[in-house]
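Residue numbers (our numbering), protein chains in the order written: chain P, 1339 to 1679; chain R, 1339 to 1679; chain F, 1339 to 1679.
Hints in this document: simulated from the structure, not taken from any laboratory.
Mixed in with the good hints there might be a few duds.
Remember, identical chains collapse to one label, so a pair may be satisfied in a single copy or spanning two.
Taking lysine to any residue pairs in the SDA-like style, the calculated list, with each CA pair at most 25 angstroms apart, reads [said to hold, decoys possible]: (1) 1625 to 1432; (2) 1625 to 1433; (3) 1675 to 1659; (4) 1661 to 1526; (5) 1342 to 1526; (6) 1367 to 1634; (7) 1367 to 1668.
Given the structure is predicted, the values throughout are model-derived calculations rather than measurements.
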Amino acid sequence: MEFKAGQIAALIGGEVDGDPEVCVNTFAKIEEARTGALTFLANPKYTHYIYTTDASIVLVRRDFVPAQPVRATLVRVDDPYAVLSNLLEYASQAMTPSPVGIEQPSFVAPGVEIPGDAYIGAFAYVADGVRLGSGVKIFPQAYVGHGVEIGEGTVIYPGAKIYHGCRIGARCIIHAGAVIGADGFGFAPLPDGSYHKIPQIGIVTIGDDVEIGANTTVDRATMGSTVIGRGTKLDNLIQAAHNTEIGCNTVIAAQTGIAGSTRIGDYCMIGGQVGFAGHIQVGDRVKIGAQSGIPNNVPDGARLMGYPAVPEMDFARQAAYIKRLGELFTRVKALEKSEKQ
Amino acid sequence: MEFKAGQIAALIGGEVDGDPEVCVNTFAKIEEARTGALTFLANPKYTHYIYTTDASIVLVRRDFVPAQPVRATLVRVDDPYAVLSNLLEYASQAMTPSPVGIEQPSFVAPGVEIPGDAYIGAFAYVADGVRLGSGVKIFPQAYVGHGVEIGEGTVIYPGAKIYHGCRIGARCIIHAGAVIGADGFGFAPLPDGSYHKIPQIGIVTIGDDVEIGANTTVDRATMGSTVIGRGTKLDNLIQAAHNTEIGCNTVIAAQTGIAGSTRIGDYCMIGGQVGFAGHIQVGDRVKIGAQSGIPNNVPDGARLMGYPAVPEMDFARQAAYIKRLGELFTRVKALEKSEKQ
Amino acid sequence: MEFKAGQIAALIGGEVDGDPEVCVNTFAKIEEARTGALTFLANPKYTHYIYTTDASIVLVRRDFVPAQPVRATLVRVDDPYAVLSNLLEYASQAMTPSPVGIEQPSFVAPGVEIPGDAYIGAFAYVADGVRLGSGVKIFPQAYVGHGVEIGEGTVIYPGAKIYHGCRIGARCIIHAGAVIGADGFGFAPLPDGSYHKIPQIGIVTIGDDVEIGANTTVDRATMGSTVIGRGTKLDNLIQAAHNTEIGCNTVIAAQTGIAGSTRIGDYCMIGGQVGFAGHIQVGDRVKIGAQSGIPNNVPDGARLMGYPAVPEMDFARQAAYIKRLGELFTRVKALEKSEKQ
């Protein structure tokens, strides 16, 4: 996939300033770009890089006036960042495999209807009673259990597993190795100290436009449903326990864990490796720093950090105080000494 | 699956108080139940919900006397909670797929005997020398390596991987994506700063009645065996390193990590995201709070929390003191000031 | 696999002192060894075990003189630890399955060349454009996406997934369930609070002699490449986000997370459950204790611990001070009281 500066300029309505024959085959940031890369200059802070970059093409604003000679071919556009985003989308669609049809051998239970524009990869397993929307892509080695429903345009990447009865919305992306609907972790202690498994007969419901990261686990509810709201994005290796409910358009970074029955609101931003206690309520528009521990309810709009979590600004202050504890002990000792005299 | 109040009462020896024709198709907690749900009232604290619930059927004690009119049909039994638990078990067995037989295509090495009541799902791989107990279920895309032994009634969910030589007890549940018996993480540094892999020739031994959560990893021993004791339950995304030994009837929540050669006793309860250092001994009946870090041995019966962990009560006190550090610095400053005068 | 003391001595150039007919079938540490095990004595601290061990054979130095009677057969060699390591290597090679050939059913896209000494397990998926080095082993149910390159001698264990375009070096080991090249976690907020997915068109590049643990995830770059350097070893359940770069011969323990665009140097040793913020630089030969949080750049050779991390020695001191906070509050109160009088 190689494009000339002239072709790109024509595609995006830009103006070539330099060699229209120069070719690119990749994208890069301006500070890292090598020969063959297309990059862009949007933030004035990065302007100095344009005089040293090895990039072959740089997208710049129409009114950009170089203060020194520039080796790269410039393509002048109204909004370099927006144009780059669009080019990235085109490239992504061109580069990401988007197969259609049913590869063999795959397993599709009798009676399951596969839409004509869907993809079922080799070694994928589609159990009885499954309902698939149009354009669904089930990559190789993925498992779709009994009675699962998957909305249109959703992509299930290789080896993801959806246990029986779960419901996945439209335009979702479930990455490789994610496990949706395994049993919640519930056991009743018996008098002899052993445990009796509490049946987990609920399901998992995932809204539209949700992305679930690689090897993330979302457990089925004991009764009812574990819920991931519309537009929410979960990173890799996250644990969402049984009966958790995560709102809409909430973003959670990798390795965070949410204990059972906890509810997290809409529009939250949660850092990586955070732990939420069970049975708590976290409001809307909450921001939580990485590695925090959240033992209690959190009101709307709070910004927390730490273990146990405190308001973000208090966390920085606490850390500073803790660094000075040795000094404080010394000062108290000095006071005690002078008092005795 | 829909049942009438009259059918349920007959099944469980209850007495209908209301419409015997009303139907239910699901279970719910009394505070969340909607039309079509069966719920129960056991804890008197929840009694007020019975007058407002939309549940279609409520299991109540035989001597329950409503203080106000109740819309739901009541079914009177001796012990509502016990009856509900039994109904949940029935429902769980009815709803959880329990297939039998060998689906094709699957891979079973020559000479491996598959019991008549076992299940081998499509795309499952059963290597040579494997021994399977009666009623074992190997779901699709699971991998059972060379010489593995699996006890009767054990379920291996889709995509779980058991490396060669490992031994799994009877009535275990291994959830999707769990990896049992990958190499322990052992490397000997060489003079040039690179590493030589130390062979990991041990195995993993899992006792009877163990449950292993989705995407949890239990590494094989360097020599000998990593051991998970009878009745122990591991949640999702847990790491148990090489030569760890976890006792019997111990419960460990998600994302906890146990470093190499550490031993954890029987009847312990370990929170989520806890980290155990390597080569330490943790006693029996120990309770450890979420996100704790355990650097040293822990005696029987201890209750710890924090990073590094301290007794549970000290942790709360420490957190309270830390919140007041700013105040303490101010007080010390005031003392210093008044001393100078 | 059973060997007599005489056979072993002949193999390793040792001298039998005891019964040359005694047999062993396993290895063990001297303090744990039972009948049938071969062990070794290298560290004088462990000498007392030789008089009580149930091991059948003990490797000892040629000049070892027992102070009491020894039941085990001794095999005298120049360097017992080195000899044991060699025997372990032999045993490991003998015990670890090392299959060759193409099992059926597997999926190999037309045009992909499978070297004669390679292994493609049943239900493995090898997409179009894949290039495989000699001796590569792709275990069952592994996925190798479009255009992936894998260097000679690399082993991909069951169910590991390599997304399209990624490059894996020679002699690497990718354990079961690892996911290489899933989309980085990048979303642009829209005015209505929902998110637009930022295309992730980069790849993952893994150097030679790298080991990636079970269920570890290494995301593809937004642009360019996420990089794991030559000789680096990642344990299980690690998250390496998009555009992270990890140097050569660095060792990272389980469940650690590295946020986007962070660079970690060469020869580092990183504990388990550590979290690295995004866009930071960590130098060479850095050591970081388990569960630490690294918010900022780290210079070469630093040894850090804590959340947020501080120099290792300060961490121990801080923890000690924090334990004494109650005492400090009491002392300050006493000073205040005496001042008032």
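Taking the hints in turn, this is what the structure says about them:
no. : hint         : verdict
1   : 1625 to 1432 : neither (36 angstroms within a copy, 42 angstroms between copies)
2   : 1625 to 1433 : neither (34 angstroms within a copy, 39 angstroms between copies)
3   : 1675 to 1659 : both (23 angstroms within a copy, 20 angstroms between copies)
4   : 1661 to 1526 : neither (44 angstroms within a copy, 36 angstroms between copies)
5   : 1342 to 1526 : neither (67 angstroms within a copy, 29 angstroms between copies)
6   : 1367 to 1634 : between (42 angstroms within a copy, 22 angstroms between copies)
7   : 1367 to 1668 : neither (51 angstroms within a copy, 48 angstroms between copies)
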